[in-house]
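Protein chains in written order, with my numbering: chain F, 1 to 292; chain V, 1 to 858.
A portion of the hints provided could be inaccurate.
Per label pair, the in silico range of CB-to-CB distance [what the hints assert, rightly or not]: (1) V/D51 with F/L190: 29 to 35 Å; (2) F/I185 with V/P22: 51 to 57 Å; (3) F/E187 with V/V36: 30 to 36 Å.
In case anyone wonders, no lab produced these hints; they're calculated from the structure.
The model shown is predicted, which means the values in this text are computed figures rather than measured ones.
Don't be surprised by glycine CBs; every beta carbon is placed ideally from N, CA and C.
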Amino acid sequence: MINPAALRARSETEAASFPPLLARAEHLAGAVLLGEHGRRRAGIGDDFWQYRPSQTGDSLRMIDHRRSAMGDQNFVREREWQIAQSVMLWCDQGASMRFSSIDDLPTKADRARVLSLAMAILLSRAGERVGLTGTRLPPRRGNAQILRLAEYLSEDDAAEYSPPEHRAMIPSAAALFVSDFMGDIAEVQLALTKAANRGVRGVLLQVLDPSEESFPFTGRTIFESMGGGLRHETLKANDLRDRYLERLAERKEQLRHLCALTGWHYGVHHTDKSAQAGLLWLYQSMAGGART
Amino acid sequence: MTILGGIGFGAPWLLAALAALPVLWLILRAVPPAPVRRRFPGVALLLGLKDDESVSDRTPWWLLLLRIVAVAAIIVGLAQPVLNPKQSGTDVDGPLLIVLDNTWGGATGHSQRMQTLDNELMRAAQAGRAVAILRLTDPADLTFQPAAAWAPRLAGLEPHPWRPSPSQIETALRNIETADAASTLWFSDGLDYAGRDAILDALEAQGPVEVFQSARAIYALLPPAYVDGAIELNVLRNTAGVPQDVVLLAQGRDPAGNAATLARATASFAGGAKTASASLVLPSELRARITRFEVQSARSAGSTTLMDDSLRRREVALIAGRDNREGLELLAPLHFLRQALEPTADLLSGTLRDVLPANPDVIILADVATLSDAEVDGLTDWVAKGGLLLRFAGPRIAASDISRRQEDPWMPVRLRSGGRSVGGAMSWGEPKSIAPFAETSPFYGLSIPRDVNVSSQVMAQPDPTLANRVIAELSDGTPLVTRKTLEQGQIILFHITANAEWSSLPLSGLFVEMLERLAVSSSNASITAGDLEGTTWVPQVIMNGFGGLSDAGTRAGVDGGDLIAMATGPDMPPGVYSSEDRSLARNVMSVDDTLTTAVWPARIPVTGLDQTPPQPLAGWLLGGALLLLLADIIASLALSGRLLGASTARNVTGALVALLLAVPASQSRAQEDPTNLAAELVLAHVITGDAQVDELSQAGLRGLSDTLFFRTSVEPATPKGVNLETDDLAFFPILYWPITPSQPRPSAEAYAKLNAYLRSGGLILFDTRDANVARFGASSPNGRKLQDLAAPLDIPALEPIPQDHVLTTHLLLASGFSGATHQPRHLGRSGTRRCPPNRWHAISQPQRRGDACPDRGQ
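All chains should be built: construct the whole structure from the sequences, respecting the hints.
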């Protein structure tokens, strides 16, 4: 359990070097919730867009009398259509994330939380609504939401490998899934398919420990999952290395393929790299730029 | 026993198991090491993966080697290996007879011999053989016992300072015949003696004989001779070998009375010679101090020669009554005395006043009648201190009135005036011969030459005491020599002259012998059995086989003739014998003795004593294997990472820290603030460790403190139990120390503290708590414990308080010693009776619970 305040402070630090982020909003038409994204067209919003002659069907209340009084024609004051994007986060809180191969390295969960919350802060500054997938914390704006996010992100989950939360996804919103994706691939598949069905696009960030990439083990070894629920004993760990790496690459390929199908971005982040690098990649992908 | 590479094996077939070691190697290396447990989230990806082959990681080679060595050590250890096994020797089962010469010849290598004997006993014990030991110098009935029963008795098999006598050989032969031994081990001392062959034959009739004999040279020292002012020492050795130097030591007492080496001489054996000699020139003063000669580096009765007074030159003062007439030497009164004494004594001449300060052994007055008062004073003292005053008669004495009416103090008898003359030209009768000496006479046993006769003499007055004082008389019963003792000294009168005028005695050898018997001269060098015939000699100091001296105690005397003629034996051990004033040393070696090495027939195996004893190695090997296996456990644990788990390490560290913290804590508790103790008077008792006694002491002292508080101006604080080891005693005016038999003895530091306490005026009250039944002394356990506890204390011996002691009147509060019992108390005083009170160390009955008040019940 991490102190939420500390988590937020660190995330603020990480996020400080980035300008406010505007999540890419692809579905302008289907946007439901108002936000500050100017749509370069008239609509519901706060900013002035244009005066247009009133047409039939316009209610009298819509007529801007200050402008209309300057001539004979009635004008209607139109505002620019502004909407806010909703971004939903899912950060893996499972036991498998609480692992670091060396004491110097942060655990995967720690890195994932920092990155998630930093993203949340950046998004929030940009005026987006940020929330968690599922029903616990719907997307909202403001600093209070960041606080609540920090609090929820600090909770640990007892499950060995927690599946992605895919319930109550707001259609056409954006999403950020951060996990090591070591668990059952079917769950991820289900979540992404469901998201695609609702038009949710987003970023899938796989956080891995360097030892998970290199498998530097030899000799007779009993491998245990972090909760102790899974166990695998081998007499020659170094023999397993190649086949493990094969499986890992296969998993990555599956994820990448899945992302390509559903239009998500897929990225891998290692805990021995700096959090800034991970955040930069997230920033770019959320902004709609880089694809891995 | 099979011998492989110098190591014997009791069960050699077990070594075949060593062939199984390579198999063991293969088995051991296949055992996988303990698995390492790792947390790894990627395990989900590993599930379902199989190992290619089941061959594990290999055990480290050194661990494997460790185990193999341990197993090999166990195998070899079980095969009963013995280092330095006995190479030769017959393996006979049955009773084993061990024969020891046990003479002085084996004294030098005695411990080595006993070691070998011990080894043989051990071997016999392993073989389960019964053993009997026969000492030829002290043959006893043979009893076959288990070998282990003999081992503790080896210390008693000390060599005797004699060789087997014919009677001992006979006894031994008789014993051997009835022994029925299967085999014999003979520990020879290396010297030949009569009867050895007979014993060997008897032993060989019983079974095989094996001989242990050291090749070490045996030295013997012959009695020294005094030749031309030098002491001549002859050394013998038993083998005529290479040239060799032997150092001879003259031992005696230095002027301060301490044993010291007074002189040393070197005797050189020429190659092939068996005797060597050395001569030693010493001043007579030093010579007289020598008590024995010994050969350095040899330690036996044979290489030690005791000295009697033969080297001691007596100082004899010769004083004649009339001046020597020039030219008439043969008529001089002292001529024959001088001739007789000169070879063996230092002669002094001069007036009596001149020679007395020199404190001579003997003063001879030849025909001196009267002595001046000044001379008499010194003479009385001198005689009383043990001097021998020897007087000869003569014309002057015959003519004087000395000892006429009453006995002169310096004459043994009263004399008739004039004397008598027999057999002369003017008288009837023949010159008288000397009657045989009576048994009570010191001259008893001397043979009297026929031609000795006496023609003139002074006559003794018949007297009741006369018969006791005569030690030689003429054939007609008239006294010739009379003697009386004066305190430690004696006065002897020859009723004839010292020259040949009155008799031919001074011309005969009997005269010299008589002087020797009277210890006027002392020449034991050329003494013969006949010289000592009829005398009885009592041993004063006897010598054991090692040449060590001890007091003879109350041993029976030996006849003088036997003393010279017989060989030393159990009835006559070598030593210093004395008879009256003379002393005679009887040594193991006589002048004409020789040493002969014992030579054995070729059929008898002879083994030296310098072989290294067999050393069983099984214990070492098995113990080593155990250690290796322990190391293997530790190494295996270390390899599998379970040697020191984190929690274990934490616990151990915690325990250590707790210990470190606990030690100072307990010490700090024991130390009290000394200022509190110094501020008030505190009675103290020693903590005995017996809870009941300690409680009693505390209660008694508290009662005493209360009483002092009520009745006197002294206001003691609460009494305190004192731990002698840790507490400072300086603050307590009195220390009550109850004695329990079980209390521990304080350490040396504690005693130092107690002594410092006593010297600075401390008072310890010991309480044996049983004075009503045990009285004074060590008759009870507590009394003995008190003696034990108080021995290191710097206090004089304890004694009961006398009735008139100041303590009996000094206790103003009580009219007597009160306590549970009214016994006289015991007091150890340092100094005189009037020493200051704080120097007393008294033992008193405790103030028991009910008797805390000194005058309660009165």
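Hint check:
no.	hint	result
1	V/D51 with F/L190: 29 to 35 Å	34 Å, holds
2	F/I185 with V/P22: 51 to 57 Å	53 Å, holds
3	F/E187 with V/V36: 30 to 36 Å	31 Å, holds
In the structure shown, no violation is registered for any of the earlier numbered hints.
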